[in-house]
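Protein chains: 2
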Amino acid sequence: MSEKRGTIPPDHLRYHSLMTRERLAECMQQGIVVPEGLAAHGRAEAFDYLIGERTTESALLAEETAAAMLLMADHPVISVNGNTAALAAGAIRDLQEASGAFVEVNLFHRTEYRMNAIGRLLEERGVRLLTGEAAPLLPLSHDRAWCLREGIYAADVVLVPLEDGDRCAALCSMGKRVITIDLNPLSRTAQTATLTIIDELTRALPGITEACRDLTRDECTSLISSLDNRYFLRSALEEIGERIRDALD
Amino acid sequence: MSEKRGTIPPDHLRYHSLMTRERLAECMQQGIVVPEGLAAHGRAEAFDYLIGERTTESALLAEETAAAMLLMADHPVISVNGNTAALAAGAIRDLQEASGAFVEVNLFHRTEYRMNAIGRLLEERGVRLLTGEAAPLLPLSHDRAWCLREGIYAADVVLVPLEDGDRCAALCSMGKRVITIDLNPLSRTAQTATLTIIDELTRALPGITEACRDLTRDECTSLISSLDNRYFLRSALEEIGERIRDALD
Chain A
1 MSEKRGTIPP
11 DHLRYHSLMT
21 RERLAECMQQ
31 GIVVPEGLAA
41 HGRAEAFDYL
51 IGERTTESAL
61 LAEETAAAML
71 LMADHPVISV
81 NGNTAALAAG
91 AIRDLQEASG
101 AFVEVNLFHR
111 TEYRMNAIGR
121 LLEERGVRLL
131 TGEAAPLLPL
141 SHDRAWCLRE
151 GIYAADVVLV
161 PLEDGDRCAA
171 LCSMGKRVIT
181 IDLNPLSRTA
191 QTATLTIIDE
201 LTRALPGITE
211 ACRDLTRDEC
221 TSLISSLDNR
231 YFLRSALEEI
241 GERIRDALD
Chain B
1 MSEKRGTIPP
11 DHLRYHSLMT
21 RERLAECMQQ
31 GIVVPEGLAA
41 HGRAEAFDYL
51 IGERTTESAL
61 LAEETAAAML
71 LMADHPVISV
81 NGNTAALAAG
91 AIRDLQEASG
101 AFVEVNLFHR
111 TEYRMNAIGR
121 LLEERGVRLL
131 TGEAAPLLPL
141 SHDRAWCLRE
151 GIYAADVVLV
161 PLEDGDRCAA
171 LCSMGKRVIT
181 IDLNPLSRTA
191 QTATLTIIDE
201 LTRALPGITE
211 ACRDLTRDEC
221 TSLISSLDNR
231 YFLRSALEEI
241 GERIRDALD
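Protein chains in written order, with the numbering used here: chain A, 1 to 249; chain B, 1 to 249.
In case anyone wonders, no lab produced these hints; they're calculated from the structure. As the structure is a computational prediction, the values presented were derived from the model and not from experiment. Some hints here could point you the wrong way.
Label-pair ranges, simulated between beta-carbon atoms [to be verified]:
id, chain 1, residue 1, chain 2, residue 2, range
1, B, Y113, A, N116, 24 to 34 Å
2, A, Y231, B, E242, 20 to 30 Å
3, B, G175, A, Y231, 44 to 54 Å
4, A, P9, B, A135, 13 to 23 Å
5, B, A135, A, P10, 15 to 25 Å
6, A, N116, B, P139, 39 to 49 Å
7, A, P10, B, R120, 27 to 37 Å
8, A, P9, B, N116, 15 to 25 Å
Yeah, the Cβ is synthetic: ideal placement off N, Cα and C, and Gly gets one too.
Can you make the complete structure from the sequences, with help from the hints?
In structure tokens:
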């Protein structure tokens with residue numbers, strides 16, 4: 001893009017959502033977000049629209065359950081990709097503070113340049129990043145196998161917002177409990193994870209953080225023992241179904 | 001993006017859809033597609049997934065009706081944006097040949113650089129482009145008001161694939177009959193257009209082209225007189241609702 005693009009007219013009905021996309025576009029020019037990340041964001045927008053662009057009751061319960069899992073874990077790790085860093089670096093810092101989780105950068109499209117740019121962005125916002133030598137430790141083809149031995153590889157609980165289905169399945173196959181944030185209740189990630197939070201990233205992360213601050217140990221145990229991911233998937237599908245029915249009336 | 005990104009692993013389940021996104025990403029690097037176009041593509045992908053990634057029966061009828069409207073128009077114009085040029089330049093050429101419609105480039109993010117890059121791409125694929133002096137002739141704020149006096153401004157029927165809601169409404173308010181291709185039956189564009197084709201761009205355009213080649217004058221008249229856009233919107237919502245119900249079973 002060698003030329004300045006036009007700016008978004010403030011009278012546009014979807015001004016807020018266009019501005020978020022513009023933030024992602026800027027981050028792409030800095031090498032933090034890849035083009036495919038913008039398409040993934042668009043898919044999320046579509047499902048958020050169908051879910052009503054709000055945190056549903058069942059999503060709030062999922063966020064509380066995620067908080068309980070992070071608090072009770074021996075070695076919780078938050079895996080951050082380019083879109084998450086671009087849209088929610090501050091929210092990741094808050095969640096790290098409230099949960100005590102490690103934070104590791106993990107990218108589908110992994111290059112040294114991106115790893116450094118994303119690491120810088122997160123550290124500027126106060127995130128304490130796990131560092132060390134990465135190695136291809138996950139059962140995946142491609143660069144996606146790489147992670148830190150003391151990070152995701154050693155984790156018992158991993159929060160992977162905006163994950164791709166392959167990596168989610170690989171982490172589960174290693175016996176880890178995987179929490180994902182994914183607006184599509186039909187995606188492989190949503191269907192495979194231990195716990196699926198069907199909510200928009202910048203609403204879900206503060207929801208988990210708040211629960212981390214409030215929950216007692218007993219509440220954590222109770223939330224974890226009653227975790228039923230099929231309930232969360234069904235609830236989201238029912239919300240979408242209702243919205244479709246309303247439109248048909 | 002100063003560094004080469006990793007390539008997509010062929011064992012990835014969504015290889016085809018990742019490759020389409022990669023085509024858009026390449027076109028972005030050439031200035032043909034804007035970052036926001038990638039997000040818009042992602043939204044379309046989500047709805048295509050919900051519609052079953054196929055041309056439904058009602059969408060096929062919408063494509064035949066679109067062909068009838070283009071064939072019977074006095075001054076039909078196809079309005080092409082960056083995503084449409086990137087994904088379907090050849091299909092636009094075929095439709096132009098079969099329908100006799102004019103083709104005009106019309107961009108949300110309008111710059112001379114992009115107008116030229118997109119014009120070149122289309123002409124290389126055999127599209128005959130309408131040229132001339134553009135002026136701000138549409139009732140819209142921003143660069144989006146610009147079009148050709150002999151093109152969209154003079155059109156009685158406009159096909160605008162992948163349109164934004166504001167421009168669709170503006171064209172309708174000028175008394176034009178607007179055909180759109182939009183996978184989201186709830187979007188303002190879909191709700192506002194004279195005829196909404198709820199199908200994926202690269203399936204919909206050949207569908208219209210084929211109908212242009214086959215339809216008789218009488219069939220055209222009959223299709224146009226029985227046009228009921230609410231039927232097309234309802235059918236798509238019912239398809240999505242069914243898919244959601246299937247997932248709940």
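Results of checking the hints against the structure:
1. B:Y113 / A:N116: 24 to 34 Å: holds (30 Å)
2. A:Y231 / B:E242: 20 to 30 Å: For Y231 (chain A) and E242 (chain B) the Cβ distance comes to about 22 Å; the hint holds.
3. B:G175 / A:Y231: 44 to 54 Å: holds (52 Å)
4. A:P9 / B:A135: 13 to 23 Å: holds (18 Å)
5. B:A135 / A:P10: 15 to 25 Å: holds (23 Å)
6. A:N116 / B:P139: 39 to 49 Å: holds (48 Å)
7. A:P10 / B:R120: 27 to 37 Å: With Cβ atoms ~33 Å apart, the hint holds.
8. A:P9 / B:N116: 15 to 25 Å: Holds: the Cβ-Cβ distance is about 23 Å, inside 15 to 25 Å.
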